[in-house]
Amino acid sequence: MAAGMNKYVKYGLVLLLSIGLILFTQEIKLLKYPESTPVTALTIYGLVSLWFFSMIGIFISDQMQRVRIKVIRDFPILGWVSITSLVFCLLSDFFVEAIQAVDFLSITTPILTFAGISVANRLVDLRKTSWKIAIVAIFVFTGTYVGSALLAQLGLFLAGN
Amino acid sequence: MKGNLLYLIAFALIVIFIAEMIGFQSLPIGGFTIGLLPLVFAIIITMVLGLGIFRKGFWKKVYSESNINFSSKYLIFIMLPLMARYGADVAPHLREILSIGWVFIIQELGNLGTVLIGLPIAIMLGLRREAIGATLGIGREGELAYISEKYTLESKEGRGVLSIYIIGTLFGAIFFSVFAPILLDLGIQIEALAMASGVGSGSMMSAASATLVATVPDMESTILAYASASQLLTSFLGTFTMVFLAVPIQRFMYKLMVRSEK
Numbered sequence: 001m002a003a004g005m006n007k008y009v010k011y012g013l014v015l016l017l018s019i020g021l022i023l024f025t026q027e028i029k030l031l032k033y034p035e036s037t038p039v040t041a042l043t044i045y046g047l048v049s050l051w052f053f054s055m056i057g058i059f060i061s062d063q064m065q066r067v068r069i070k071v072i073r074d075f076p077i078l079g080w081v082s083i084t085s086l087v088f089c090l091l092s093d094f095f096v097e098a099i100q101a102v103d104f105l106s107i108t109t110p111i112l113t114f115a116g117i118s119v120a121n122r123l124v125d126l127r128k129t130s131w132k133i134a135i136v137a138i139f140v141f142t143g144t145y146v147g148s149a150l151l152a153q154l155g156l157f158l159a160g161n
Numbered sequence: 001m002k003g004n005l006l007y008l009i010a011f012a013l014i015v016i017f018i019a020e021m022i023g024f025q026s027l028p029i030g031g032f033t034i035g036l037l038p039l040v041f042a043i044i045i046t047m048v049l050g051l052g053i054f055r056k057g058f059w060k061k062v063y064s065e066s067n068i069n070f071s072s073k074y075l076i077f078i079m080l081p082l083m084a085r086y087g088a089d090v091a092p093h094l095r096e097i098l099s100i101g102w103v104f105i106i107q108e109l110g111n112l113g114t115v116l117i118g119l120p121i122a123i124m125l126g127l128r129r130e131a132i133g134a135t136l137g138i139g140r141e142g143e144l145a146y147i148s149e150k151y152t153l154e155s156k157e158g159r160g161v162l163s164i165y166i167i168g169t170l171f172g173a174i175f176f177s178v179f180a181p182i183l184l185d186l187g188i189q190i191e192a193l194a195m196a197s198g199v200g201s202g203s204m205m206s207a208a209s210a211t212l213v214a215t216v217p218d219m220e221s222t223i224l225a226y227a228s229a230s231q232l233l234t235s236f237l238g239t240f241t242m243v244f245l246a247v248p249i250q251r252f253m254y255k256l257m258v259r260s261e262k
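These protein sequence lines map, in sequence, to chains A and B.
Residues in the first sequence are numbered consecutively from 1, following our numbering.
Residues in the second sequence are numbered consecutively from 1, following our numbering.
Hint data in this document are derived by calculation from the structure and do not stem from the laboratory.
Possibly wrong hints are sitting among the right ones.
[Stated by the list, open to error] Below, simulated DSS-like cross-link-like pairs (lysine-lysine); rule was C-alpha separation at most 27 Å, straight line:
(1) A:K70 x B:K150
(2) B:K61 x A:K10
(3) B:K150 x B:K255
(4) A:K128 x B:K156
(5) B:K73 x A:K70
(6) B:K56 x B:K73
(7) B:K73 x A:K7
(8) B:K73 x B:K60
(9) B:K56 x B:K156
(10) B:K150 x A:K10
(11) A:K7 x A:K70
(12) A:K128 x B:K56
(13) B:K156 x A:K132
(14) B:K73 x A:K128
[As the list claims (entries may be wrong)] Pairwise CB distance ranges, derived in the manner of DEER restraints:
(15) B:K73 x A:S130: 25 to 35 Å
(16) B:F58 x A:R66: 20 to 30 Å
(17) A:R73 x B:K60: 32 to 42 Å
Here a beta-carbon is modelled for each residue, glycine too, at the ideal position from N, C-alpha and C.
Can you build the whole structure from these sequences, using the hints too?
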């Protein structure tokens, strides 16, 4: 039990770091672009909501590991967090307003900062892949994106949007 | 250990500061304009400084084993507030999204484009069994699990999927942030591109949708709502699309192309 608690304290702290960095990023962005999303009391409530929904999502994901259906066990934490947040936001508009007071692009910069650091040891692995696969990769990424975009375009057209 | 983590956090603050100060830059290339967001600068700075040749003295403390492990182990948790933000973006648009729910489901099939476009190219370049792993999908966790279960990661198929995984991890976000606005220039609707952004990888989806938001700021809420709804759908349906459609189609095309060569 103690170990279990400890785990959640750790997640809580990492999430605190994450929302702290978002706030920092939004402040810096305001220095550069004073007309971007201002930091207000609502922003702080928004960040707290994000922290809170993330924790609930982690908890749900943990609990779901006991479910027998594989698709549910494999459903990513990221998905549970979005669903948790969606449910709360449908229940009260306050959460929507507060969370939207957090600048979207300011959320993305810290994430990609850590993404860049996390791959530091993988750069060496690049040598193991051939240039042929690198070319294939470009077409694979293009394929999924263009494929979806064209079908979506067609669908929206048929739906009359 | 704790001291090293402080170096990491201080370093992150500095990188964010620099990236945000560079801000949003647009780069005209040929007939297209490529928008570079702070997130692109952040990932480039951290990747370049992480190269082996820089990892001496002070940088060794920032890029210590424990810090790199911390970043990769907890990246997903650092990403969670973003996922929570998506809930708030979908909520006000939920009715609209459900009314065109079938469009969201149809565009999921677009993910088969990895096989339809990628496989012929791979075969043409002379790849064989590697091509199976490399073109099944964009090489995220789902494909990795499937291939390693069926062929093991040491096999040629395994090497193919691992290569895509590595390339995607390193360059996926940068690729999508540059590529998405190009398609906008080519005349594809912003709503369609937003839906397509739900490719199944958190950082690639963020990069694709972020760059669309920066290009068409007035549509921010719609873009984020569509992108995240589609991402959620990919998390649910991705495995099914792969097992029941991508795998059989790939097998059929592979046999057809490799046999006709002989």
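Hints and how they fare:
no., hint, in the structure
1, A:K70 x B:K150, "17 Å, holds"
2, B:K61 x A:K10, "22 Å, holds"
3, B:K150 x B:K255, "18 Å, holds"
4, A:K128 x B:K156, "12 Å, holds"
5, B:K73 x A:K70, "23 Å, holds"
6, B:K56 x B:K73, "23 Å, holds"
7, B:K73 x A:K7, "13 Å, holds"
8, B:K73 x B:K60, "19 Å, holds"
9, B:K56 x B:K156, "36 Å, violated"
10, B:K150 x A:K10, "35 Å, violated"
11, A:K7 x A:K70, "24 Å, holds"
12, A:K128 x B:K56, "24 Å, holds"
13, B:K156 x A:K132, "14 Å, holds"
14, B:K73 x A:K128, "23 Å, holds"
15, B:K73 x A:S130: 25 to 35 Å, "29 Å, holds"
16, B:F58 x A:R66: 20 to 30 Å, "46 Å, violated"
17, A:R73 x B:K60: 32 to 42 Å, "39 Å, holds"
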